[in-house]
Amino acid sequence: MSRLESALADLRLADTLAARDTGLSRLDPRAKIVTTLAFLAAVVSYERHTVVALLPFLLYPVALVSMGEVPWRWLARKLALAAPFAVLMGIANPVLDRAPLEVAHGVTMAGGWISFGSILLRFALTVTAALAVVAGTGMHALCAGLAALGTPRVFTAQLLFLWRYAFVLGGEGARMATAREARGGRGSPTLAVYGSLAGHLLLRAFERAERIHRAMLARGFDGEIRPSRALRWSSRDTVFVVGWVAFFVAARAVYLPLLLGRLLTGLGG
Amino acid sequence: MNQQVVEAIGLSYAYPDGTTALDGASFRVAPGESVAIVGGNGAGKSTLLLMMAGLLEANAGEVRIGDVSVTPGSRDFVRRTIGFVFQDADDQLFMPTVKEDVAFGPLNFGVPAEEAASLAATALDVVGASHLAERPPYHLSGGEKRAVALAGVIAMGPSVLLLDEPTAGLDPAARRRLIKLLQAFEHTRIVATHDLDFVLDVCARVLVMEGGRIVADGAPDAVFRDEPLLARCHLEAPLRWQG
Amino acid sequence: MHMADALLSPAVGGAMWVASAATLAVCARKVSARSEDRIVPLMGVLGAFVFAAQMINFAIPGTGSSGHLGGGLLLAILLGPSAAFLAIASVLTVQALFFADGGLLALGANLFNIGVLPCFVAYPLLYRPLAPAGSSRARVGIAASVAAVGGLLLGATGVVLQTVASGISSLPAGPFLALMLPIHLAIGLAEGLATAALVLFLAKARPDLLPAAPAPLRRRSLAGFAVAAALVAGVLSWFASPQPDGLEWSIARAAGMAELKAPEGGMHGSMARLQSTTALLPDYDLPASRAAAQGEAAWPEVNAGKSFAGLVGALATLGLVVAAGFALRRRR
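Going down the list, the protein sequences come from chains V, W and U. Quick note on numbering: the numbering used here labels position 65 of the first sequence as 65, and the sequence is numbered without any gaps. Quick note on numbering: the numbering used here labels position 100 of the second sequence as 100, and the sequence is numbered without any gaps. Quick note on numbering: the numbering used here labels position 34 of the third sequence as 34, and the sequence is numbered without any gaps.
If you're looking for bench data, these hints aren't it; they were derived computationally from the structure. Keep in mind it's a predicted model, so treat the numbers as computed, not measured.
Here are the in silico distance ranges between beta carbons for each label pair:
hint, chain 1, residue 1, chain 2, residue 2, range
1, V, T16, W, V5, 47 to 53 Å
2, W, V5, V, G184, 53 to 59 Å
3, V, T16, W, A113, 24 to 30 Å
4, U, L125, W, F109, 42 to 48 Å
5, W, N59, U, L125, 39 to 45 Å
6, V, E224, U, L318, 47 to 53 Å
7, W, E236, U, G134, 48 to 54 Å
8, U, A33, W, V5, 38 to 44 Å
9, W, L239, V, L13, 40 to 46 Å
10, U, G319, V, R236, 24 to 30 Å
11, U, A324, V, T190, 52 to 58 Å
No residue lacks a Cβ here, since even glycine has one placed at the ideal position from N, Cα and C.
Required output: the full structure, derived from the provided sequences and hints.
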């Protein structure tokens with residue numbers, strides 16, 4: 001399967017996941033957006049050598065994944081696909097930052113390894129939370145939420161158009177690539193072939209835009225796309241936002257793992 | 001339904017590159033009539049439909065709906081009166097879900113959201129697609145897309161329906177359902193098509209186009225017997241007559 | 001190259017968000033104010049085109065490797081900068097959301113590096129002057145390549161400055177830049193070739209679809225442009241300022257020069273101060289600067305009991321998280 005086809009299959013899967021009725025999908029998209037932003041802010045606010053103090057924050061993505069019944073395998077695959085960048089950017093840390101840090105009595109580690117671990121953990125936290133929200137909300141509800149939170153209407157309409165026609169144009173592009181292969185085309189096309197192949201796709205895109213515009217005009221379009229879905233904020237949404245934000249603040253302010261460890265071991269410090 | 005006569009008077013159009021698409025096409029369609037426009041590729045069928053919906057301006061001639069001339073000034077009236085079902089349903093269905101797409105037209109006309117939703121529900125019921133209301137359009141089959149596109153148009157309550165190649169790409173079962181549906185409508189129907197069997201089932205009258213002109217006008221049963229005419233226009237007699 | 005959440009400090013990520021969101025708002029207003037509503041579906045479909053075309057590779061002549069379209073510059077040529085920014089922003093947003101490219105906090109930085117810079121710097125300052133109306137095919141090709149390379153190098157510099165200013169990665173600016181620029185020179189050439197190929201294809205097949213070259217800049221748009229340029233320069237220099245600190249700091253640490261005092265000012269310093277005032281147990285969120293200053297005696301007040309408690313606590317936290325996940329899943 002070509003890269004384009006697998007990307008489209010992926011988008012379709014995300015759509016299918018979002019269409020299910022789950023505890024997460026029933027929440028107002030605004031609640032999920034606001035809470036996730038608060039989560040991101042809390043996670044990235046930690047200092048670069050933080051590892052343990054970040055652990056309590058795992059609760060949020062794990063809760064989202066559970067509430068949204070997001071398949072772990074899907075999530076793991078997405079994480080693995082996105083991970084190389086984080087690894088690439090972090091891997092220099094152990095080399096560059098060798099100043100030893102004492103992580104436990106008598107045990108020291110290079111600061112770079114700790115900050116590398118921190119980068120990976122941050123990556124896992126932020127990406128998992130974002131993916132779980134997307135899979136438990138869907139593009140359309142997300143756009144409705146973004147619009148309700150003040151995103152310019154032109155931009156949310158743009159997102160929806162992109163989403164809708166990525167499937168149509170992506171399908172056309174994939175069929176053109178398949179047709180090329182069926183006639184013996186191998187590997188990446190040369191620039192000349194690419195210019196013509198992608199060029200024809202671009203021409204079709206223009207023609208399609210023209211036809212869509214006519215179809216919109218025929219149904220009275222006057223430059224503005226009017227929203228037809230009303231968002232409903234319920235007490236569940238309030239509980240979700242307030243509860244989680246309180247947890248983030250608490251986790252940020254109090255070093256929870258240590259507190260827990262002391263409780264369990266009965267050792268003061 | 002408040003219906004009017006639809007009239008084309010000497011319509012001419014040339015593309016910016018100079019190709020003639022329409023060359024003085026004139027005809028008159030009575031209220032409630034079901035008329036087919038047939039002809040080979042490039043005969044000018046689609047251009048003619050676009051002009052009748054006020055989506056393309058003629059170089060010469062005019063389109064009249066009742067007493068009103070189709071001009072940019074009469075745009076609102078034209079949009080409400082004429083419903084256009086496009087050939088490629090993907091061009092028409094762009095809203096997140098089917099029910100939102102069907103409500104798109106009414107909302108543009110200033111109908112309040114709740115009323116638009118009920119209009120959409122009724123229209124979906126008419127085309128037998130109520131069960132698709134919550135689905136996103138891109139997960140639908142070709143026949144389902146066509147039905148939903150039709151619903152999006154009838155939700156606006158037009159009295160005239162223009163359909164461009166409505167059976168293109170449909171499987172036989174979906175095509176049959178569409179035929180039944182269109183037979184039951186009371187709207188004035190003007191259909192551009194290559195599917196002459198469909199014309200026999202749905203239309204009482206047929207206009208044959210060639211080179212931007214209307215070269216024949218009559219009952220399908222009579223017109224489709226004129227084999228030299230059909231051959232000249234890149235058409236063939238309906239399959240059901242071909243033994 | 002996409003910036004990633006894991007590498008960004010909240011200050012830098014937030015600043016880039018503000019810059020990009022402001023640009024988005026201005027562009028949205030400009031596009032909404034346009035009289036032709038044709039632009040709405042066109043932007044959407046061309047955004048979808050870029051989204052699809054980014055996944056079609058082509059062979060880069062004479063290298064054996066392959067490249068693909070980025071799209072920012074192409075969209076600017078086809079739609080003008082404001083609409084192009086909205087379109088490329090929608091592509092980046094979908095990628096951030098659905099493919100975890102970069103992440104949400106980093107989206108602001110990515111919109112800036114991959115959207116603002118090509119649309120509002122490379123296009124008006126490089127492409128337009130190099131390929132005025134009526135340019136020959138060769139000239140259009142050269143202009144597209146130069147502008148694409150320029151845009152990508154600026155974007156790569158943006159990634160470096162944002163990373164260094166954030167101070168999460170230890171990469172010092174100099175070597176990082178030396179690594180990023182050649183890579184992006186190559187990517188930029190590929191982008192330029194693809195952009196030129198598409199623009200030239202369109203010029204041949206349907207010249208009517210290419211927008212007429214914009215009228216000579218009027219005074220008002222010139223003024224607007226000057227403001228934008230100043231803003232960009234300001235934002236960049238603001239990021240550049242902590243850079244020597246970062247560099248010095250990394251070298252000092254790498255060399256193990258314990259006596260070198262960590263910078264107290266700049267972004268790290270202020271973040272560290274914020275840290276110690278907000279955290280109840282700041283010693284465990286070890287400010288790096290303090291660790292560096294104290295050399296060997298890092299993680300002050302470490303004692304056996306505390307570190308054992310820390311270990312147990314970490315494991316217990318993980319256990320609780322997993323348990324909570326299962327509980328939530330069953331309940332529904």
